[in-house]
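Enquirer: Start from chain A and add chain B according to the hints.
Chains as they are written, first to last, in this note's numbering: chain A, 244 to 626; chain B, 244 to 626.
One thing to keep in mind: the hints can contain errors.
The list treats identical chains as one, so a pair stands whether inside a single copy or across any two.
[As the list claims (entries may be wrong)] Keeping only pairs whose Cα atoms sit at most 20 Å apart, straight-line, the calculated DMTMM-like set for lysine to aspartate or glutamate is: (1) K538 <-> D346; (2) K609 <-> D346; (3) K609 <-> E595; (4) K559 <-> E292; (5) K559 <-> D295; (6) K319 <-> E544; (7) K607 <-> E505; (8) K319 <-> D545; (9) K547 <-> D315; (10) K252 <-> E618; (11) K538 <-> D363; (12) K615 <-> E480; (13) K609 <-> D552; (14) K532 <-> D545.
If you're looking for bench data, these hints aren't it; they were derived computationally from the structure.
Protein chains: 2
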Amino acid sequence: MNGFFELIKEASDCKARVGKITTSHGVVNTPVFMPVGTQGTVKAMEQQELQDIGVEIILNNTYHLSLRPGIDIISKAGGLHSFINWQRPILTDSGGYQIFSLDALRKVNDEGVEFQSHIDGSYHLLTPERSIELQIAFGGDLIVVLDECIPYPVTYDRAKRGKDRTTQWAKRSLHTFNTQRSTFNERQVLFGVVQGSVYKDLREESVSELGELDFPGYAIGGLSVGEPKIITYEVLEWVCSILPKDKPRYLMGVGPPEDILECIERGVDMFDCVIPTRHGRTGSVLTRKGELHIKNACYAEDLKPIDIDCGCFTCKNYSRAYIRHLINSQEILGARLNTLHNLYFIVKLIEEVRMSILEDRFMKFKRTFLEKYQEGEDGGQDL
Amino acid sequence: MNGFFELIKEASDCKARVGKITTSHGVVNTPVFMPVGTQGTVKAMEQQELQDIGVEIILNNTYHLSLRPGIDIISKAGGLHSFINWQRPILTDSGGYQIFSLDALRKVNDEGVEFQSHIDGSYHLLTPERSIELQIAFGGDLIVVLDECIPYPVTYDRAKRGKDRTTQWAKRSLHTFNTQRSTFNERQVLFGVVQGSVYKDLREESVSELGELDFPGYAIGGLSVGEPKIITYEVLEWVCSILPKDKPRYLMGVGPPEDILECIERGVDMFDCVIPTRHGRTGSVLTRKGELHIKNACYAEDLKPIDIDCGCFTCKNYSRAYIRHLINSQEILGARLNTLHNLYFIVKLIEEVRMSILEDRFMKFKRTFLEKYQEGEDGGQDL
Numbered sequence: 244m245n246g247f248f249e250l251i252k253e254a255s256d257c258k259a260r261v262g263k264i265t266t267s268h269g270v271v272n273t274p275v276f277m278p279v280g281t282q283g284t285v286k287a288m289e290q291q292e293l294q295d296i297g298v299e300i301i302l303n304n305t306y307h308l309s310l311r312p313g314i315d316i317i318s319k320a321g322g323l324h325s326f327i328n329w330q331r332p333i334l335t336d337s338g339g340y341q342i343f344s345l346d347a348l349r350k351v352n353d354e355g356v357e358f359q360s361h362i363d364g365s366y367h368l369l370t371p372e373r374s375i376e377l378q379i380a381f382g383g384d385l386i387v388v389l390d391e392c393i394p395y396p397v398t399y400d401r402a403k404r405g406k407d408r409t410t411q412w413a414k415r416s417l418h419t420f421n422t423q424r425s426t427f428n429e430r431q432v433l434f435g436v437v438q439g440s441v442y443k444d445l446r447e448e449s450v451s452e453l454g455e456l457d458f459p460g461y462a463i464g465g466l467s468v469g470e471p472k473i474i475t476y477e478v479l480e481w482v483c484s485i486l487p488k489d490k491p492r493y494l495m496g497v498g499p500p501e502d503i504l505e506c507i508e509r510g511v512d513m514f515d516c517v518i519p520t521r522h523g524r525t526g527s528v529l530t531r532k533g534e535l536h537i538k539n540a541c542y543a544e545d546l547k548p549i550d551i552d553c554g555c556f557t558c559k560n561y562s563r564a565y566i567r568h569l570i571n572s573q574e575i576l577g578a579r580l581n582t583l584h585n586l587y588f589i590v591k592l593i594e595e596v597r598m599s600i601l602e603d604r605f606m607k608f609k610r611t612f613l614e615k616y617q618e619g620e621d622g623g624q625d626l
Numbered sequence: 244m245n246g247f248f249e250l251i252k253e254a255s256d257c258k259a260r261v262g263k264i265t266t267s268h269g270v271v272n273t274p275v276f277m278p279v280g281t282q283g284t285v286k287a288m289e290q291q292e293l294q295d296i297g298v299e300i301i302l303n304n305t306y307h308l309s310l311r312p313g314i315d316i317i318s319k320a321g322g323l324h325s326f327i328n329w330q331r332p333i334l335t336d337s338g339g340y341q342i343f344s345l346d347a348l349r350k351v352n353d354e355g356v357e358f359q360s361h362i363d364g365s366y367h368l369l370t371p372e373r374s375i376e377l378q379i380a381f382g383g384d385l386i387v388v389l390d391e392c393i394p395y396p397v398t399y400d401r402a403k404r405g406k407d408r409t410t411q412w413a414k415r416s417l418h419t420f421n422t423q424r425s426t427f428n429e430r431q432v433l434f435g436v437v438q439g440s441v442y443k444d445l446r447e448e449s450v451s452e453l454g455e456l457d458f459p460g461y462a463i464g465g466l467s468v469g470e471p472k473i474i475t476y477e478v479l480e481w482v483c484s485i486l487p488k489d490k491p492r493y494l495m496g497v498g499p500p501e502d503i504l505e506c507i508e509r510g511v512d513m514f515d516c517v518i519p520t521r522h523g524r525t526g527s528v529l530t531r532k533g534e535l536h537i538k539n540a541c542y543a544e545d546l547k548p549i550d551i552d553c554g555c556f557t558c559k560n561y562s563r564a565y566i567r568h569l570i571n572s573q574e575i576l577g578a579r580l581n582t583l584h585n586l587y588f589i590v591k592l593i594e595e596v597r598m599s600i601l602e603d604r605f606m607k608f609k610r611t612f613l614e615k616y617q618e619g620e621d622g623g624q625d626l
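Bound-form chain A, shown alone (with noise of 0.2 Å):
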């Protein structure tokens, strides 16, 4: 995968860094955030909409795609991209962490996973390999292989145990990806997840044994689920450290902005969260001024924007009075200006973070913004 990942600028008093993600589906600019389409539509939202936001990239989750509408559909389409009528990029996921997350799981051996479908309780069997025929069927352009979840306390033993897994479902995955790549997208390109929980040696190792197998691209697995922040951005510091400074760092699942900002400046290259879509469906929303929660009574005359200095739709055509309104009344017109403001938000707040770096100014800029967004909203609080 020669030029898939480019690096163009790295700050110098900090690991953050901006670089360049090239896909058969258009260019990724990084640091990225992704927002989530668990099954084929970032809630709310339309596609066209996304793309006038300036959403590069967005994921869809291969648990939920498999078992509706399932692979048939999404095969005689053409893929993903065909399927939903995004033209941008795809990054879908192994499918693992619904699993693990959703109570889906029976059973987990070093075949797979075995869990009952959400929908209609019959069950499943997802193996490594069939995530990579899943996904590779899907057609994204960024794929990831199956990863055991380790949650958060765990013994080094069992720690060890779900690391050494997850290296050995690499192997195969990536077997399989490479014996059968590829029905739609010629270009997908695979990334290896990171385990380990927060013992240094094990991801250590992990990075290690991955590394031996070439991934073009590492997800970090594993971190937030449940630990302090302070080991988060511990054990992050250490696995950036090590690994390959030309290849694209993922944390899966974070997070909010602030949370964003302290694993760019330590390396994190590509973001997905559900905040700025779940947030924004039952009323909260982000502002400069930190997240605000437009259903306190304090906004029910509230005539500004969610935001006087936003220059998205949302902003730019409606009030806050109206929006609590809509959110009161269960309107889905108040799911979407806040989904679409959400998300203008926190892809406008990349876009300036990458500027920062490029003009290496990076850590100024997060501190301003931080302290900013710390300060509330001073309308913010319940009358």
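Expert: Positioned in the frame of chain A, the structure of chain B alone reads:
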């Protein structure tokens, strides 16, 4: 209200007519379909989308908006147009229909109707005067007097009492309107409501009594409340034949496309109905070959658009298979795409109707449309 309604063309072989309503928020060409925006939003849609489809006027419900968010914030915003950011015409109803239909009704007497809020159970009294005060404060372009909604079947005596009460309420409404208008919209226009159930002489009395009050427009109430369609059409024919030709006629709550055509033939100018929006959200879409139920298994791998001849955004961008997946997965985008398609369908249909009346070929247009519409979708059966 000179120049409020202009009758442009009448068909030579039926009562269909083309007209033009002029409001301070622009022109409405009749016949017209008004999408229902119950709570200040046409469900699943955004205002700019409605405009792009060609929607010229929407309906908002006084009952819902007066309970939530309430008159204070809407007044503070400068009226509904400003509060919801919709700059084209708005019709508000009187609030009576919801009270009579939502089991909210506690007591009705000559004074008004006492009801309980469906939101918090609180007691409210809606009088003809209060309904007009609310509608004046909302600033809708077309507003409607409170009437007593008579169910079907009903005795002659009960129907007569309802009609008499509606006439009395119309007088009180007009008095309030003339003395209190107008906060935000000085060109507001008040519609009377014709009642009298299925009794010809009561309908004649109603039209005659309202005629003395010289309303600039007439709503036709007490139809489509459970009576057989043949009776609906018979009553409509009486009523339209005695209503003044130079004033618009609004049939409240109708209906499916085929019913709208029947009523246009009999002289109705204005319609509102939740079918395009409500059915869209649950997966029923309108096509030239009839209603199509996207959840049917036969559409699971159907990569065609909903309607191959349709020019709407949905049909230009998304397949039946994808939309079926979205609806089955209860994704908001499914509701959005179907609603957009259905509203586009009905708006374009009515545009074609207007053209056919202008060219005096409405009856032929109607026959051709209904033949195909009643034929049904090729794949419209469950597998």
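Enquirer: All hints, please: hold or fail.
Expert: Do the hints match the structure? See the list:
no. : hint          : verdict
1   : K538 <-> D346 : neither (31 Å within a copy, 28 Å between copies)
2   : K609 <-> D346 : neither (37 Å within a copy, 56 Å between copies)
3   : K609 <-> E595 : within (10 Å within a copy, 57 Å between copies)
4   : K559 <-> E292 : both (15 Å within a copy, 15 Å between copies)
5   : K559 <-> D295 : both (15 Å within a copy, 18 Å between copies)
6   : K319 <-> E544 : between (51 Å within a copy, 8 Å between copies)
7   : K607 <-> E505 : within (13 Å within a copy, 69 Å between copies)
8   : K319 <-> D545 : between (49 Å within a copy, 10 Å between copies)
9   : K547 <-> D315 : between (48 Å within a copy, 16 Å between copies)
10  : K252 <-> E618 : neither (31 Å within a copy, 64 Å between copies)
11  : K538 <-> D363 : between (35 Å within a copy, 17 Å between copies)
12  : K615 <-> E480 : neither (26 Å within a copy, 67 Å between copies)
13  : K609 <-> D552 : within (18 Å within a copy, 52 Å between copies)
14  : K532 <-> D545 : within (16 Å within a copy, 47 Å between copies)
Hints 1, 2, 10 and 12 from the earlier list are contradicted by this structure; the remaining hints agree with it.
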